[in-house]
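> For this one, chain A is given, so just place chain B on it according to the hints.
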Amino acid sequence: GQQVMQIPQYQHVQEGEDFTTYCNSSTTLSNIQWYKQRPGGHPVFLIQLVKSGEVKKQKRLTFQFGEAKKNSSLHITATQTTDVGTYFCAGKGYGGATNKLIFGTGTLLAVQP
Amino acid sequence: GAVVSQHPSWVICKSGTSVKIECRSLDFQATTMFWYRQFPKQSLMLMATSNEGSKATYEQGVEKDKFLINHASLTLSTLTVTSAHPEDSSFYICSASYRNNQPQHFGDGTRLSIL
Chain A
202 GQQVMQIPQY QHVQEGEDFT TYCNSSTTLS NIQWYKQRPG GHPVFLIQLV
252 KSGEVKKQKR LTFQFGEAKK NSSLHITATQ TTDVGTYFCA GKGYGGATNK
302 LIFGTGTLLA VQP
Chain B
45 GAVVSQHPSW VICKSGTSVK IECRSLDFQA TTMFWYRQFP KQSLMLMATS
95 NEGSKATYEQ GVEKDKFLIN HASLTLSTLT VTSAHPEDSS FYICSASYRN
145 NQPQHFGDGT RLSIL
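Protein chains in written order, with our numbering: chain A, 202 to 314; chain B, 45 to 159.
Simulated from the structure, these hints should not be mistaken for laboratory data. Heads up, some of the hints might be wrong.
[Said to hold, decoys possible] Here are the simulated DSSO-like cross-link-like pairs (lysine-lysine), alpha carbons at most 27 angstroms apart as the crow flies: (1) A/Lys258 with A/Lys237; (2) A/Lys258 with A/Lys271; (3) A/Lys301 with B/Lys85; (4) B/Lys64 with A/Lys301.
In isolation and in its complexed conformation, chain B is listed as follows:
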């Protein structure tokens, strides 16, 4: 149980393109999902908390107009990197948990490369 699917796994695109990443909880409902960003050999940095049916909560320093989050259903959250530039290249990972105080289950991540 507790499977989180993330799509796509890899994205390579030109600078200025907007990229959408999907995160789905396959066998449970998740009112809250989390989006992280990870640079090579570094830790996971929480970008935002995605709340079903309401606005996402962004961490300090994360541009909400740059990283659009939509959590339209209990099993799907999307992260859109708008007008991506090379400095946005990174590994983006989502996670979800059954409920508060339960472990987080991670998607496989999306490697984003902006040329």
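In isolation and in its complexed conformation, chain A is listed as follows:
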């Protein structure tokens, strides 16, 4: 079945440093979504990418969808302590009538002040 892997599993940075997490799917995706889950909380939607090679920015966050639509990345510039949490990519395959997503393995970001 479809698998979505993320690296690294864990990243510890000093506040102000940059951070990147990479997401790789075993199959081609129709779209990819990114979610952030704070410790003890539930996932919160960040962004959705649909087009091959698409790049979107949200303030210090930059999201990219690969040309082959099988990989994606999230880059955070100048991390802040509020960025702490686990970042999940979630892919939607082609076909199927529902909005079923397969979540990546996640990257836990720790930011030291």
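For chain B alone, coordinates are given in the frame of chain A:
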């Protein structure tokens, strides 16, 4: 907008008890809702897709007789963990979206502890 409410937040009960968890979309109608299970420091594992007015679609390896799903209305889906045992202890989260290809909005989750 797009608020999903999940109840209860915490459940602690004895082994053998059945536990019902509710998931409601408060400000939109959801023909489809999703139920996930998450173990500590792990990802969300999709358990089943809840379809309004029809049977749920379970992922491979999920026991449908163990995890009963009912989606009786466009705003409510329930997950019942039947005869729960300690290995069923986990964080259960539901989600819903306006329609296909739209982001999913998650409930706050239910922490289930079976003693």
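> Need the status of pair A/Lys258, A/Lys237: alpha-carbon distance at most 27 angstroms?
With Cα atoms ~15 angstroms apart, A/Lys258 and A/Lys237 stay inside 27 angstroms; holds.
> Given the proposed pairing of B/Lys64 with A/Lys301, does the C-alpha separation stay at or below 27 angstroms?
holds, 23 angstroms
> Does B/Lys85 lie within 27 angstroms of A/Lys301 when you go C-alpha to C-alpha?
Between A/Lys301 and B/Lys85 the Cα gap is close to 22 angstroms, so the pair holds against 27 angstroms.
> Between the alpha carbons of A/Lys258 and A/Lys271, is the straight-line distance 27 angstroms or under?
holds, 20 angstroms
Of the numbered hints listed earlier, not one is contradicted by the structure.
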